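Trainee: Heads up: the sequence lines are chains A and B, in that order.
In terms of my numbering, the first sequence opens at residue 422 and continues consecutively.
In terms of my numbering, the second sequence opens at residue 422 and continues consecutively.
These aren't lab readings, by the way, just hints derived from the structure by calculation.
One thing to keep in mind: the hints can contain errors.
Only part of the chain B face toward chain A is listed, based on derived beta-carbon distances under 7 Å [stated by the list, open to error]: (1) Asp452; (2) Ile483; (3) Ala490; (4) Pro496; (5) Phe591.
Every value quoted in this text rests on a predicted model; they were computed, and no experiment measured them.
C-beta: ideal position from N, C-alpha, C; glycine also.
Number of protein chains: 2
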Amino acid sequence: MELLKQRILKDGRVIGNDILKVDSFLNHQMDVALFNEMGKEFHKQFAHKNITKILTIEASGIGIACIAAQYFNVPVIFAKKTESRNLDSDAYLSEVFSFTKGKTYTIRVSKNYLNSEDTILIIDDFLANGKAALGLAHIVEQSGAKLGGIGIAVEKGFQDGGKLLREKGFDVKSLAIISSMENGRLSFTE
Amino acid sequence: MELLKQRILKDGRVIGNDILKVDSFLNHQMDVALFNEMGKEFHKQFAHKNITKILTIEASGIGIACIAAQYFNVPVIFAKKTESRNLDSDAYLSEVFSFTKGKTYTIRVSKNYLNSEDTILIIDDFLANGKAALGLAHIVEQSGAKLGGIGIAVEKGFQDGGKLLREKGFDVKSLAIISSMENGRLSFTE
Numbered sequence: 422m423e424l425l426k427q428r429i430l431k432d433g434r435v436i437g438n439d440i441l442k443v444d445s446f447l448n449h450q451m452d453v454a455l456f457n458e459m460g461k462e463f464h465k466q467f468a469h470k471n472i473t474k475i476l477t478i479e480a481s482g483i484g485i486a487c488i489a490a491q492y493f494n495v496p497v498i499f500a501k502k503t504e505s506r507n508l509d510s511d512a513y514l515s516e517v518f519s520f521t522k523g524k525t526y527t528i529r530v531s532k533n534y535l536n537s538e539d540t541i542l543i544i545d546d547f548l549a550n551g552k553a554a555l556g557l558a559h560i561v562e563q564s565g566a567k568l569g570g571i572g573i574a575v576e577k578g579f580q581d582g583g584k585l586l587r588e589k590g591f592d593v594k595s596l597a598i599i600s601s602m603e604n605g606r607l608s609f610t611e
Numbered sequence: 422m423e424l425l426k427q428r429i430l431k432d433g434r435v436i437g438n439d440i441l442k443v444d445s446f447l448n449h450q451m452d453v454a455l456f457n458e459m460g461k462e463f464h465k466q467f468a469h470k471n472i473t474k475i476l477t478i479e480a481s482g483i484g485i486a487c488i489a490a491q492y493f494n495v496p497v498i499f500a501k502k503t504e505s506r507n508l509d510s511d512a513y514l515s516e517v518f519s520f521t522k523g524k525t526y527t528i529r530v531s532k533n534y535l536n537s538e539d540t541i542l543i544i545d546d547f548l549a550n551g552k553a554a555l556g557l558a559h560i561v562e563q564s565g566a567k568l569g570g571i572g573i574a575v576e577k578g579f580q581d582g583g584k585l586l587r588e589k590g591f592d593v594k595s596l597a598i599i600s601s602m603e604n605g606r607l608s609f610t611e
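Extracted from the complex, chain A is given alone in its bound form:
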């Protein structure tokens, strides 16, 4: 998506060879007009899947998911992160390892809001190693719902997540795929 790539080039900050800060428009301050263009693009990519619900994860996926949901006319559910591993019979749970924080947390979604009649679109802001998306897909699987696809704003194409998810047969669409950011220079996969 050209608009998003241009915005990343203009306002993204590369730190070292693998950190991209986009907190001026994507995941701290949020440009809701840009999110609307992203939402339209996700709808174009996934409209034929007859999505019934969008699933995301707190916190930075929520804004993008809510704006996108307006084009699908479906509700959004966000998975909650917790450090507790207590069993919770009312929720679908999965374990996600965060490389950023160096620890594993549990994500949970109430069983009330996903069921076998649903076709789910997972939306998130970033895809790097794929752990969060895999955790969300695992929750969808437990619920018996169909996974319609995975929509990502920014994929770090030089990390393994995208390959891993696509090899599992998931329909992953990323609006911008970064192929490299060595020496502070960003390049995208066309």
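Fit chain B to the supplied structure of chain A, relying on the hints for placement.
Mentor: For chain B alone, kept in the frame of chain A given last:
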């Protein structure tokens, strides 16, 4: 706001005398069509304040704030919660005590995204004891921005937060104010 009150009566679950679960439409599963009606109402209440940015707090304020922002044509910033008290010279910080979790956490907003030219609307899903809103107002104050108002979806009118914030002179508008929920029965302040 009649639509929200009716929805709370229909789908809210009262537990004991002071817990209201609205996770089927407000803060776990999110009804984005309802959020749009709430966003229009916030805009009606605060349009004359010439709001330049909306400030909220992760996680459950983000969806409502992003949808509302479309009516104001402004960006949204969400304050991040952290347990670390490390000084961070690039961020405005405040301490918030959570009664739900029984602990104090630090909230932070990058100094890049708030300044003295801004007029801020704080938006959040719940107002009970007011600690989160006070923390956000404290961050606005540090930045030199003007606080245009505080928009809340559901206020627990039988707790102190609303009184506290209004006594400080803040322009607080809540879309639904619950006056009591004793014995499982909800009543609203007109």
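Trainee: Indicate, hint by hint, whether the structure satisfies it.
Mentor: Hints and how they fare:
1. With a least beta-carbon distance of about 6 Å to chain A, the hint placing aspartate 452 of chain B at the interface is held under the 7 Å criterion.
2. Among the interface hints, the one on isoleucine 483 of chain B holds; its C-beta lies about 4 Å from the nearest C-beta in chain A, closer than the 7 Å criterion.
3. For alanine 490 of chain B, the suggested interface contact is upheld, since its CB lies about 4 Å from the closest CB of chain A, less than 7 Å.
4. Given hint, proline 496 of chain B at the interface with chain A, holds; its Cβ is 5 Å from that chain's nearest Cβ, closer than 7 Å.
5. For phenylalanine 591 of chain B, the shortest C-beta to C-beta distance to chain A is roughly 23 Å, which exceeds 7 Å, and the interface hint is violated.
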